[in-house]
Each structure stands twice: as structure tokens, then as C-alpha cells.
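All chains should be built: construct the whole structure from the sequences, respecting the hints.
Respectively, the protein sequence lines represent chains A and B. Number 430 marks the last residue of the first sequence (the working numbering); no jumps. Number 1082 marks the last residue of the second sequence (the working numbering); no jumps.
Please keep in mind that the hints were generated in silico from the structure rather than gathered at the bench. A virtual CB, placed ideally from N, CA and C, is assigned to each residue, including glycine. Be a bit skeptical, because a hint or two may be false.
Claimed, not checked - Covered by chain B, per the in silico footprint, the following chain A stretches (three or more residues, Cβ under 8 Å):
| hint | region |
| --- | --- |
| 1 | 65–76 |
| 2 | 258–271 |
As the list claims (entries may be wrong) - Here are a few chain A residues that sit away from chain B, every Cβ distance over 10 Å (derived from the structure):
| hint | residue |
| --- | --- |
| 3 | PRO101 |
| 4 | GLY163 |
| 5 | ARG191 |
| 6 | TYR206 |
| 7 | ARG307 |
| 8 | HIS324 |
| 9 | PRO389 |
| 10 | ALA391 |
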Amino acid sequence: MIENKPTRVVVTGLGVVAPNAVGVAAFENALREGVSGIRFIEQMAELKFACQVGGAPQGIEALQNDYLTAEDLMAMNQSMVFTAIAGIDCWRDAGLAEVSPDTPTDFDTGAIVGTGIGGMDTIVEKLVPKVTVGKVRRLGSTLVEQIMSSSVSAKLGGLLALGGQVTTNSSACTTGTEAIVDAFIQLRSGRGKRMLAGGAEAASVYIWSGFDAMRVLNRKHNDAPQSASRPMSATAAGFVPGSGCGLLMLETLESARERGARIYAEIIGGHVNSGGHRNGGSMTAPNPEGVVRCVRAAMAQADLQARDIDAINGHLTATFADPHEIANWQRALDVPVDEFPAINATKSMVGHALGAAGGIECVASVLQLHNGFLHGSLNCEDLHDDIAPFAHSVVRETREFDGKIIAKSSFGFGDVNGCVLFKKWQDGGA
Amino acid sequence: MTEAEVHAKVVELITPFSKNAEALANVSAETDILQDLQVNSARLVDIVLEFEDQFDIEVEDEAADNIRTVGDAVKLIVEKTG
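And the structure:
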């Protein structure tokens, strides 16, 4: 039997709507400069949230009219708008031709855009108030397309005339990374030329409220928002809710070369799994064995050894789980502490964007690899005792980086794990 | 409200849903809302809700189903607002 060689997959475009910057160039600058997108959110205070800080992209209302018509906007909620802006930016960044209503369907391109919670804002603000008082008729025609789980991918599919698979995945905080792994697997197995992949989440008190009730949000820094997101810190006191959208254009190497596209990085491995809520795992905590297997499966696919990994963009949310995450990584890599790779936490600047987190953080990973820097993690001057032995690995100030491989991992409620491995692209495609 | 005023208001309410600027510029009573103005058929529901809110009327589903042209809408609204 002849085995087909897997198709090589590269990243040719990026799009990002994040709490600390909108647009790829601004986001790279914000990462380099350590710009926090965490702000005091007045509505959270009014509604008696214990945590009153969050990360929401700024300036979207002014920007959205450059991307969308009034008719589009009538039937779009925030996560759909974030996705549209990031998706159109990603398309343009990939050097693809502008799309108009007359552009024919592109059957070579699809999208997997995930969301953790979905159109909760629409359900609460528009659907429930009418249905509960018997005014179903007054809902109008635009509700379904905003509350169906696939709303984010479906709208983007129309805006860009996509004709490949267009779908939405959901796996809590692993969502964005899972989307990228799934899209990678699709292209690697020879299905299609391009996939937009990543995740989106709205900035909504209704989305954030349940986490506040669980007491997993930081309630101790309401008067100092930019200090509130503290991954790896001894004084980490819970995550800060975030939002936004991060998308990658994944493309087969063959297609990218054919059209002379700029290549940011190659995806050389990716894996998703779960821990089955066993061995210490639960709905809200990972089974360490699952994490180790996930990382090792991605590495095996890429044929990598532990010392090949130059940096890790962690999940690192600023909860009790951060020390466990680093311990799990050390187990997975099976390296002594002094050989542990560099590690940083994008959430220190943008908070935890839930279903969008993996997408935004993969954009951060690819930018760092392509442009040769590692961003500093904010608010970890006081490392957690269990992380202190790894102090040499924790990137606290932005620095130059000439590494070849960045690993991005995400973990989520449901005991689900995702890991993707990006390799720096060098001309000639070594 | 005169029929001309109702016509003007109807056109204003349909405008955000129209995808054909040229047909909209030359709109008449005979203009077909779906065919000529290229309004997405699902959005007729929203246009009727706009009529109800703006003219303070109720439009039964059957009456709504019979609206094809701008003139149909104007006629219905004029009748309702008597």
C-alpha cells in the first residue's frame, strides 16, 4: 500500500480583535510594549459583580461600518462583528483578492471559527424578554442567525463567499486552539486549500457572570485593572474575563507557493484530547495524564524532541492551575528544570478571552515566531512558589527570540486539551 | 398622514434592507420589494414590524403575506390608519 505523504500546512494570514489592540500591526506593537487591555467595567460594578474588570476590544462601533453594511449589522451580535473584522483582516493579510457580493463562491476555502458560549448576549437582551411575555412574533427574522452556535462562522462564510466546510466548534477555553488543530488536520489530509481558523467571544456580562459566581474571576484588583491579570504570580487571584477574536489563515504549502503568498510559519503538529474527568481531572480541572498525552501526540506528529521546543505560549489563566500547567509541561517534555523552554502568558495583557483565547494567543504565537521576539508577561514579578524554580524560563520583559518552534497549548472546562506546534518559516522551506 | 407621506415613510423604512440602490432611487408604487429592491425575503418580517411600530398599527400575517410592492404596503397602511 502506498502511503500518501501528508500535505504541509502553513500560516499565510492573521486577523485579530483583542482587548489591547485591534489589527495585526497594532496587536504586535501592544504585545511588544506590554500594553494591558484590562479595564474597569462600570456595568460589572453596577450589577454587583465581585470582579469588576475585564477585557473588551475598543473602538469597534466606529470601525464596524468600514467592514459591514447597515443591513449586515442589523443581524449581527458582538461575537459575529469581532469575527467579521478579524476574518476580513485575515483574508486581506493573506493577500487574497477583495470579495464583493458578486464574487463567486470560493470552493477551496473554508472556516472553523469556534465560540465557547456563543450568542448569549442576544438570547438575554432580545430573545428572552419577548418570548416570556408572549411576543414571539415580535422577534423578527434576525434572531436565529445570531443565536445558532454556528453564527460566527456562518456570517463569515457569507462575507467571504467561502465554499469549503464552514463550521463552529466549541470546547470551552480550548475552542480557538482546537479550531486551528482541526483545520490543520483537514488541510493536512488533502481537503481544500485554505481554512480560516480560530475563535470568537463577545464581551458580555451575561457570558462572564457564571464565572464570577464560581469565584474563579479575580475580585481583588478592581481598583487596579492593569494589575488584575496575573498569570504565574504568587498573588494570582483568578482570571480576568476577556473577549475578542483571533483567526489564522491556514493554507497548504503548495497553494501558498503557487500564489506567492507570504508565509508566517508552518504548522508541524497539533493534537486535541481530553482527560475523561479521571485521575484528578474533572469538569473544571485537567487530568494531568491527558495533558501530557496531548503535548506528546503533537510532538510525535511533528517528530520533535523536547529540546526542539524553544518557547511555550501557555494557557496560564492566573488561577490555581498555573503551577500544575507548568508541572504538566515539564512532565510532557521530560526535561530538567534548567532546560525548560521559555514560557509566557498572553492573558496577562488581554485577560481570558474564553472561546477566543486560543485564536488570539495563536496569533500572538505566530507573530512572535515570525518577527523574532517573545513578549513579556505582565504582573508576574512575584512568581508563585512552585513556578519560582522556572524563573529563568518565564519571559517577564519583551526580548529578541531566534528560536524555531513555539508550542501553543490551551485547556478547557470539560477536561479538554489542545496543543499546536508552530515552526518558523525560512525561505526555501527547510 | 397623506398617501404621499405614507409612501415616503415606507420607502424610508425599506431603505436599510434594500440591496439595489438604483431601484431605490427610482422607486414607485409598482416597485416590487423582493424582486426590484432585492430585499432578502426573510427580512420582510422585520419590515412589517417596522410598519407596525412606526404607524402604530397591527398587520395580520395574512395581510403581510399579500404585500408585494411598495404600493401594496402603502395601501394597507393607509387603510389601517384611516
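Going down the list of hints, with the structure as the test:
1. 65–76: Our answer is that it holds, as 3 residues pass the Cβ test (under 8 Å) against chain B, meeting three.
2. 258–271: Violated - the region 258–271 of chain A has 0 residues with a Cβ nearer than 8 Å to chain B, which falls short of three.
3. PRO101: At roughly 7 Å from the nearest Cβ of chain B, PRO101 (chain A) sits no farther out than 10 Å, so the non-interface label is violated.
4. GLY163: Check passes; 20 Å lies beyond 10 Å.
5. ARG191: 31 Å, holds
6. TYR206: Correct as stated: the minimum Cβ-Cβ distance to chain B is 24 Å, above 10 Å.
7. ARG307: With a cut-off of 10 Å, ARG307 (chain A) remains clear of chain B, as the shortest Cβ separation is near 57 Å.
8. HIS324: At about 49 Å from chain B, HIS324 (chain A) clears the 10 Å cut-off, so the statement holds.
9. PRO389: 60 Å, holds
10. ALA391: Per Cβ check, ALA391 (chain A) is outside 10 Å of chain B; nearest 57 Å; holds.
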